[in-house]
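If you count the first sequence from 1, position 405 lands on 404 in numbering that gives the first Met the number 0, and the numbers rise without skipping.
Please keep in mind that the hints were generated in silico from the structure rather than gathered at the bench. Treat the numbers as computed from the prediction; the structure is a model and nothing was measured. Hints may be right or wrong, so weigh each one.
To be verified - Restraint ranges, calculated between C-beta atoms of paired labels, are given here: (1) Lys-100 x Lys-204: 52 to 58 angstroms; (2) Lys-384 x Glu-335: 34 to 40 angstroms; (3) Lys-383 x Ala-159: 38 to 44 angstroms; (4) Glu-41 x Gln-123: 15 to 21 angstroms; (5) Gln-144 x Asp-80: 18 to 24 angstroms; (6) Tyr-15 x Ser-142: 24 to 30 angstroms; (7) Pro-122 x Glu-215: 34 to 40 angstroms; (8) Tyr-15 x Ser-410: 52 to 58 angstroms.
From the three backbone atoms N, C-alpha and C, an ideal C-beta is built for every residue, glycine too.
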Amino acid sequence: MSEKESKAKKISTESYKGVRDFYPAEMAVQNHIFNTWKQVVERFGYQEYNASVLEPAELYRAKSGEELVNEQTYTFTDRGDREVTLRPEMTPTVARMVAGKKRELSFPLRWYSIPNLFRYEQPQRGRLREHWQLNVDLFGAKSLQAEVEVISLAVEILRAFGLKDQQFAVRINNRKIVNFVMNEVLELSEDKAHALAKLIDRKAKMPASEFAEKVEALVGLKSDLFKELINSQNFENFISILPVPMRTYEGIVETKSVIENLEKLGITNVIFDQTLMRGFDYYTGTIFEIFDTNPDNRRSVFGGGRYDDLLAIFGQEKVPAVGFGAGDVVMKDLLETYGLLPAETSKTRLYIAIADDGATAFAQDLAQSLREAEVSVSLDYSGKKIGDQVKYADKNKIPFVTVIGADEVKSGKFKIKNMATGEEKVAIEKEIVEIVK
RNA sequence: GUGGCUAUAGUUUAGUGGUAAAACUCCGGUUUGUGGAACCGGUAUCGAGAGUCCGAUUCUCUCUAGCCACCCCA
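Modelling step: build the complete structure from the supplied sequences, incorporating the hints.
In structure tokens, the structure reads:
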């Protein structure tokens, strides 16, 4: 670019399409979400891991197919002719990590991470090109207690944010039930089963008549049975529709057990939802999502399930695994809806206004010794009027202010002003720490 | 990737084929050691580029971005 051009063309201050800037206000919200996630997850004994955003493209090709990699990921060739992808999800990465050190790790593993993920698609509300997602996985536990633990952990997270149990619901289904109904009950071919799963996923997006027509075309003779199953309102009812020998089938028994065990833990907002599909690839057993019960927000907040076969793509023995993901964007929208985001505050506890230049060195010394006592302090070098300096502290939500001038330098006594109440306390240096805490 | 709608100060919004108005915010000032007030002043090449026109922020086209829907949802 010539000098003339560079002068004429201004660089835009907008961020790249579909990604966000986190100014301090947004960063505070992000931190609140991440910290709450971490706190609860660590309370359950999960350990944090991470990896690079860059992965070899083949990691996703193996599992997800060419189309997905080419059209919905950021994939490019590096200078060494390697195909690289910006990770669009964390599960293949964690599976790769576990498979890579399978013999060194002692199972069960309780692992979590909060990675940023990228997908190349048209941005819209609640769906951007970069987002962060809490990933929680429990590897090496066959027992159904694994899904019980993971689901109860997810519920605890929502409670920790201040949500009431009636504001959200856990929807649960089981891949085995889905496959069983498709293959054994309806006797569908693999292609038709796949098409039907997609159709069920989109049920809410079409008129009932259209749905019925499409079901008819796919399922044929057994459409009436299918409709009865899909419309049943609860688990008991669903089971009662099945032929008697099928009622004790594995998937049914598992789901019953998970729901009962969650109830024992005081989690009663669990609904069996036979229409819950969750993609269509690596899940092998229980699948679940947590929804906001407010109909305005139909996006799921958490989603996950059991995937016992995933490590096979690395040529390893299978390792039973249960996990879920939770996106930061949906989480934020949810907390906003219910007014659960914390009020803005500053981490700075004390603001030192300087009344005259001669007091600057003294004020710096004071700040330094307060910092040694782990008090967060900042100083005002603007030379502005005291009123303006106090106003700055107010606008930046700093809770305490003191003014340093000739008087304070001489006396060593400070007036510590509480900005919320307007009240001032006179203190010597040692007492400041207590007041400001 | 496809389609629809939108784009005016930091923000939210007026408005017009003859270079723009308000509210709030921000910055500066009116009160020389104490904030949230009042008053005064400042801040917009009207998203970018091209075209039509004597003249475009206003009309047309292209691009970019946002929103919505489709697709997809790991």
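So, going through the hints one by one against the coordinates:
no. : hint                                  : verdict
1   : Lys-100 x Lys-204: 52 to 58 angstroms : 43 angstroms, violated
2   : Lys-384 x Glu-335: 34 to 40 angstroms : 38 angstroms, holds
3   : Lys-383 x Ala-159: 38 to 44 angstroms : 42 angstroms, holds
4   : Glu-41 x Gln-123: 15 to 21 angstroms  : 34 angstroms, violated
5   : Gln-144 x Asp-80: 18 to 24 angstroms  : 47 angstroms, violated
6   : Tyr-15 x Ser-142: 24 to 30 angstroms  : 45 angstroms, violated
7   : Pro-122 x Glu-215: 34 to 40 angstroms : 37 angstroms, holds
8   : Tyr-15 x Ser-410: 52 to 58 angstroms  : 55 angstroms, holds
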